[in-house]
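Chemist: Spelled out, the chains give:
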Amino acid sequence: MLFNSFSYLLFLAAGAILVRLMPPRQRVYLMGVGSIAFYAMWRWEFVSLILLSAVIDFIAARRIEQSTVPTTRRAWLLLSLCVNLGLLVIFKYTYFLIDNAGLVSEALGLGLPVERWSAIDIILPLGISFYTFQTVSYTIDAYRRIGRTTDDFFVFLTYVAFWPQLVAGPILRASEMIPQLERPRLATREDVAGGLQRIVIGLFKKVVIADNLSPIVDTVYAGNVADYMATDVWVAAILFGFQIYMDFSGYSDIAIGSARIVGVSIPENFDWPYIARSPRDFWRRWHITLSSWIRDYLYLPLTGQRFQTDSQGGLEVAVNERQRASTWPLFLTWFIMGLWHGAAWRFAMWGVYHAFFIYLYRRIGLLRSLPDRWPIPAWGLTFLVCMLGWIPFRAESLEMSVVMLAKVFNPFLYDISRKVVYGPHYLTAGVVTVGFLLAHALQNWQPVTPGKVQVAWVGRMALTAAMTAAVLIYLKPVEQFIYFQF
Amino acid sequence: MASSRIRVVGGVLLGLILFISGAHLTADFRPEDAALGPFTFSRGAVFDGRTVSFQNADSMQVARDLVTEVRREGGELALWLGASHQYAINGFQPGNENAVFHANRLARERDAALTYLGFGLPNGNFNEFLATYLHFREAKLLPNRLIVGALYDDLREPGLRPRIRELIADVPVDLLAGLGAAGDHLLAAQAEAPPPVERNAMDGTPQQAIESRIVGWMEQAWAPFANRHRLSAWIGWRWRRAVFDVGEALRQVGAPTRQVPPVPEAMQRWNEAAMVTLLQLAVADGVEVLVYKVPHPPTTGPFYHDRTRYDDFHRRLRTDCQQMGATYLDLEGLIELPYWMFDSTIDHWHFQEPGHVLLAEALDAALAGGA
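So the protein lines, in turn, are chains A and B.
Counting in my numbering, the first sequence runs from 1 upward without gaps.
Counting in my numbering, the second sequence runs from 1001 upward without gaps.
Keep in mind the hints are simulated off the structure, nothing from the lab.
It is possible that part of the hints are untrue.
Stated by the list, open to error - Non-contacting residues of chain B with respect to chain A, defined by C-beta distances greater than 10 Å in every case (computed):
1) R1315
2) R1316
3) D1330
Unchecked claim - Derived pair list, reagent style EDC-like, types lysine to aspartate or glutamate, alpha-carbon separation capped at 20 Å:
4) A:K419 x B:D1203
5) A:K476 x B:D1203
6) A:K476 x B:E1265
We put the CB at the ideal spot given by N, CA and C, even for glycine.
Model the full structure from these sequences, guided by the hints.
Modeler: Structure (structure tokens):
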């Protein structure tokens, strides 16, 4: 089900009222059934996949927790990983593997029946990348003896399929969710108001900003990029950077607000990423639950360091004295993270691009000290680095990414009088950037004098009014969320 | 805490009021007119109870029916192809009529059995004019006279818009192939597949069915909701105007004179091939062809395009017309300055109603004179 629709708002309102009317025990059942119904509104036949993952991981985690025999524990963990990751690979990476097998077959003259394999029709289940990570983390945590498993299958199923975050995160940890589901609380009036505010903000980001940037971005990336100037490439990067940020963070806002309205607290996923002062800082602020997951279940184990156990912090906790030893895990982790985003080499390129800059900042003392010594240049450099990284993410192909990125490093292409991209798009890129910075400044403005407090109160109410009106004007479920494709 | 709840709920309610007010205030907003400037309105024309002026290939069946009816009456039909100067009236006042209406009025006043059928396309290019002519030709509805308003702008607007592409869907491939370079371009446009429909995660799902019902009910039951598309169009228009104005202001800082966008050579050849082919085809069909140079406002200030290139193009076009037996009419200077109204940086092309009258008089006089 798409969030940016009237049917979702009705679903949420009805669900919130019913949850309030239910006794505590039945609330989680209602949320579980509602979550399955939410997913079935897309395709009921794929509900079976979620149920399969949930059943296997519920049983596996219980067996792991109850057993003291290492081989038995490992066997159940392997079963869980094989089933979950196997399903993910089949549904998400089959075509990618076939395409690459075709390239290898052609290069080596193997004569593989690639065309026949490509005729297989596979639909990517919505949210599989997200709920797979959640179920896998549950069994791994059981293996690591972090927290305890639940003996209530319905609680576990609701944790896996909880509708606000089911299709595009935030990626939840069992330790954060299951206690809330085992002892569900009623949402307070502050929760309802706060959740409503969050939903308004999220819908505004998505349907007003992201969806209006989308046709501009599509036009820019559909142009003949070989003719572009370097300035055109920067505009393309910034426009998509803000489109994907508004789209994805808007989704997370709606998810967090929806959960809050039914009395559940789920973690933040974005923290103003474009004010970051270093690539690592960026990854503390962008898709926080994913980078934290990657940190705990991939990166730290590869470096041999102690894992963390929460969904926050991103990559912050890389330990300094182990940095040299963590270089190859850094690149491998980001390579995998890139591929998680999409089954194409340009996504892997995007991942390695970020790993490279994180590595640079580790190795070069001047860069490492930049955020503290010169915060504004540090911000500027990080902003440009992160925006440029979106080129391979959005470009139609790896080749197109390379062509565009190469232009940025050609000083002779910085001639705005020869720009190809439509002039007003430059202005739009500037406006969204300045708008973002202003919004951050407003968010952080905490007045203390009574007069200014009143002004802030009225101003925030006026902003809510403007956003609500804009949402009502633009709300239509035409543009799906970008992260749905992952 | 209570104050934050009040702030949120109050904000949402206020937003609802804003939405309702905005939808009410923009209920009469016409996006198609807004694009032409605040005082310019595109207008069709009805003469003698018959629609005679069409825009953007709407109501093709009505247009074809008009041709059939005129033929049945034994009258003559002049198919007039042009861009927005044909139907857009600057400084519009209630009761104003466009050039097509006035041309029909003038023909009636001199008792000529001649009906003008105006077919205007916003920024229409010559390939689109050729496609339109082929459509009528294929429907066996050839006009007696063909009038083409030739503008330099036409050379810079690329492609066939989808509605015009549909007009040549039934034109035989071998006919197009026999039209040389222009035909090749139209063949390519004919073969062009519609852009792939972006599959939305909601397409074909139960949610889509429910959403359609909810939205349909809201549009019927709540007038502001039904009008929100006009409100969003108004917002989009104001944003584009603001962006355009800021861009112009910045351009003035950097470079006081407007920089003329270049016309790619391939596009020039593409358009000129279509123009020549249109002339050749119509003349070979026995249609009397009149091509006119659309007048500019008589100002020496910075303009939309390079006047030297425009005049060069029209010199070549005049020669082509003379060689092919078509009439070329230079209407430069026809419409005096007061009949133009520079209310915006967008509108340098549309004249007020007296200008439409002058245009109609010039064309009707040319046709009446046996052109």
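Chemist: With reference to the structure, classify each hint as holding or not holding.
Modeler: Now the hints, each set against the structure:
Remark: the non-interface label on B:R1315 is consistent with the geometry, its nearest Cβ contact in chain A lying 30 Å away (cut-off 10 Å). Every Cβ of chain A is farther than 10 Å from the Cβ of B:R1316; the closest lies at roughly 28 Å, confirming the non-interface assignment. B:D1330, annotated as away from the interface, keeps every beta carbon of chain A farther than 10 Å; the closest lies near 34 Å. A distance of roughly 38 Å separates the Cα atoms of A:K419 and B:D1203; the hinted pair therefore is violated under the 20 Å criterion.
For the suggested pair A:K476 and B:D1203, the alpha carbons sit about 13 Å apart, so the restraint of at most 20 Å is met. A C-alpha spacing of about 41 Å is found between A:K476 and B:E1265, which places the hinted pair above 20 Å, so the restraint is violated.
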